[in-house]
Every structure is written in structure tokens, then in C-alpha cells.
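A.B. asks: Given next are the chains, with one letter for each unit.
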Amino acid sequence: MVYIDAHTHFGKGMPAGIPPDRVEECIAMMDRIGMDAIITTPPYASISMDRSYDEANALLSEAMRKWPKRILGLARINPHFRGRAVKRAEEALQSGFWGIKFHPRNEAFPANSRELVFPIMRKVEELGGLVLFHTGGLVYSHPTLVGDVADNFPEVPIQIGHLGGRFEDDAILVAKWFDNVILDTSFCRGPRSIEKAVEVAGVEKVVYASDYPQGSIELDTLKVELAEISKRDKALILGRNIKRILDTIRGMR
Amino acid sequence: MKGMVVIDALTYVGESVYLKRRFTAEDLIEMMDTNGIDMAVVTAPPPGPDYQRANEGVYEAVRKYPDRLVGFYKINPWFKEAELERAERAVREWGFRGFKLDPKDDSFHVGTSIVKPVMELAEMLEVPIFFQTGDSSFCPPEAIAFMAPSFPKVTIIMSHTDLGVRLATYPRLSEDLKNIYFGTYPLRGGHKGIDRFLRLITSRTIDPKRVVFTTEMPFGHPKFELKVIELSNLDEEAKKLIMGENIKRILRL
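Sequence order for the protein chains is Y and D.
For the first sequence, numbering that gives the first Met the number 0 assigns the number 0 to the initial residue and increments by one for each residue that follows.
For the second sequence, numbering that gives the first Met the number 0 assigns the number 0 to the initial residue and increments by one for each residue that follows.
To be clear, the hints were calculated from the coordinates, so they are not data collected in a lab.
No experiment lies behind these values; they were computed from the predicted model shown.
It is possible that part of the hints are untrue.
With a Cα cut of at most 20 Å, we get these calculated DMTMM-like pairs of lysine to aspartate or glutamate [what the hints assert, rightly or not]:
1. Lys247(D) to Glu236(D)
2. Lys19(D) to Glu194(Y)
3. Lys152(D) to Asp104(D)
4. Lys177(D) to Glu235(D)
5. Lys239(D) to Asp37(D)
6. Lys222(D) to Glu227(Y)
7. Lys19(D) to Glu198(Y)
8. Lys191(D) to Glu23(Y)
9. Lys195(Y) to Glu122(D)
10. Lys247(D) to Glu14(D)
11. Lys1(D) to Asp26(D)
12. Lys103(D) to Asp168(Y)
To list a few chain D residues with every Cβ distance to chain Y over 12 Å, as calculated [to be verified]:
13. Lys19
14. Glu59
15. Arg62
16. Arg67
17. Trp93
18. Glu215
19. Glu224
20. Asp234
With the Cβ distance kept under 7 Å, some of the chain D side facing chain Y (calculated, not the full set) [claimed, not checked]:
21. Trp77
22. Ala81
23. Gly188
24. His220
25. Phe223
For every residue, glycine included, the Cβ atom is placed at its ideal position computed from N, Cα and C.
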């Protein structure tokens, strides 16, 4: 079985008393539970004094170099830097990052901003990569805004984080409507949310994630295990779906 | 939960378009037995608009399992006087011990005048009301906060939502809203499995006397909700209150 966590965090200064991770701790944790790989990105607390993630992205890049098959990094980009943000995205994608993570709420921009987000999306479209959006807020990070991005960049695989949060039904519809949108299960409401996503959007659109270390791998895996779906569907969600997308990205490069 | 009474303060029995199959009293009892739940508050599942038959189903379930189930009468306030008369009879003659309102499923805003007579009836009959909150503009937690001080004698139980966090931040507001209690479903976990809402209890920012354990079976899964409780390091006293003592006190069981 392939077991990949599609949404985790790695970096220094994790919030709310959560200790910083060393990559060795991540790998040891993965070995303990039989996890093959994690898609990971700096947390909000890794933002530097200049409001960029340069330092945290560099730390993650180093971890990826040590463990290239198991630490699959998404560069954190603050789009308010405009031209510099596009440049950082380009450098990240060319240096082995698997894609980009946006957090519209934390950095205060609409997920579908033509001015801030689309130039970076154009770079991802050109170089290939996965784009993860935090979602769940009414302002900035509503899943329908992510749908607008997906509509404009149909070749870019886009991951809706947290299954849309409280806008779960909207997120599931966005994933149903746009071929390039997948849903991650981190912090979703429970097994029934996963069942609903599978039923409406299709099993190939759902990927297991935990938001570790803010979230719990044990609990988010339990949600998948308790969902009333087939064993095959569980295997797809726990790793095969995201592996297929990562293989496609590798093929694009 | 060894050595403590476990009462689930919100479950459903009956048919619903939102369920894959009819959830019977026997299904509920079996789930309770499997998961070590001694008693449950039970009500009619959404959607309405007319809950008469569904409420009869709840009545039958409680009559069949009087030592295990407590009925909450589901009210659709759009039916106005006729519904209020039925609700009064349900409490006085049929043994219902509380009301359930679902502003989203029955399309009414909790701040509008049609809710007021329901609150007055609850006050007269001295029964609690469970409000389904949080998911929609029909019942934002703020609307409950505006209404609750006008009915200080009515016990209001609501989904935990962000209001719990705000009450923890503003203790004076919390004093004014002493009649509000929070159901635990849906728990989502957090760092090391410790749920973010339950962490407010372990840090004593929210009084554990104000929280009642809920699974919302069959929409929620008791195994998952109980696992989060287990991982959340609540002390024994807080756990006893949340898992059963609080709802026992509210319902005078």
C-alpha cells in the first residue's frame, strides 16, 4: 500500500507551542507508522521579518535534498511580493520543489487574485507543479475562489486544503466541476465528509492529509478507515491518488 | 470510559435523504453498546419541513428503550401555533425532555421573531433547546449570543463553533451567556491528537461544566469522537462532567 500524507508542515517556529521539526524527527515518525512520503510546506510561523518565507523554504529545500523520495516540498510563497514572489516560485520549482502552497487568509489576499496569484500560477503552469490552497474562510479562502483559479489554469493540479473547512459542500462541488481539482481531508469533519466527497466528486479527487504536526496523522487516518467506502477507495485516498498526480508532475518536467 | 456514565447529548433516529439508509432505534442502541455509551438524547433527523412522523418515530424509540434514550422534540417554527401546541403536548404528555431547532435545514434565521415563542415555550416548560449552529448564515453563533441573554432561564445547547473560543477570550461576555452550553461534535483533533476546542477545557479557559459530549450519530462516528476525547488529556473530573454529568444535570436525570 502507498501511504502518503498530502498536507503537512515542516519548518521552524511552529505555532502554539508546537516544537520545530527536524527532518530526522519527520523521517523517524514516518518509519514508525509505515508512511512512504509527506507533502510538506513551511507553516505560517516560519514567515521571516521581511514577510517572506525565504529562510523556511531554504530549510525545507535542505531536507528535500537529504530525503528526496520522502520529503516532497511545496514552497511557501507570499504573493504580495509580486515580481519577487514570481521569481521565488520559479527558483523553487526549478530547484526541485513539487509545487507551491498559498494561504490566502494568513497573507490576506483573495485566492483568485488576478494581480497577486495569477502571475505565480502562470509560472507553475509553465514549469509544472502542484498548488495547495488553504481553504475554509468566507473571505479570501472560500473554495469557489479556488474554483476560479482552476478554471483559468486547467493544466495545473490544484489541491483544496481541509476539504473546504466549513464550506465542505462547496469544495466538493468545485472538485466535481473541475478536472484539475483535488480535495485533501485534513481537519475535515469526519468519515462522512470523506464518503460524501467520494460519492459526489469521485474517489480519484480525494487525498488523505493530516496537517501534521498541527493535526494528527492517527486521527485523520482513522477518518479514512472508518468511512463506509471500499478497500480499494481507501487505498486510493491514502496514497495512490496523490502518487498518480506526483508522477504526472514528474513527467511534465 | 471506565467508571463514568457516558451520555451522548445528540443523536438521531429515522429516515433522511442525507442518510444512506434508515437509522433505527436498534441501530443506535447497537452503536451505543459497541462504543460504551450508556444513554443518548435522540431527535428527528433533517430535513423537514414537517417533522410530525419523524417525531413519532423518536417517541416510539424512546418508549422502546426508556432507560437508554431521551427524546428531544424537533420543532419547525414555520408551523407556528400548531407546532407550538404539538411541542407542548410532546413534553407534557409524551415525555419529550427538550426541543431541537435546525435553522439551516428549516430556513429561518435564529434572530427572527418566529423563534421567540419557541424560547418562551421552553422557558415555561423548563426544557433545554439544542440549536444546530455554525454552518450557515441562518444560525451564526453570534445570533445565539444576542438572543441568549433575553432568555436567561432557558438552557441553550449549541454546536461548539468559534463562540466557545470567543467566550474564552472575553470572560465578561461569558458571564452574560451562562445559559449557553456547547456540544462537542465535530471534534477534529489537533497537535498530538489534542482537539483545539478541548484544549480550551484542559487549559481551563472554558469551564468544563459548559460542555456536553455529542456524536450526532449517524452523521458523526462515535469511535472517532471518543478517540479524540481519549487523546485530548482531559482530567478525570472534566471528563466526567463532559461525558455525562452535565447533560444529566441539565435534563435532571
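A.B. asks: Which hint numbers does the structure go against, in order from smallest to largest?
C.D. replies: 3, 4, 9, 10, 11, 13, 18, 19, 21, 22
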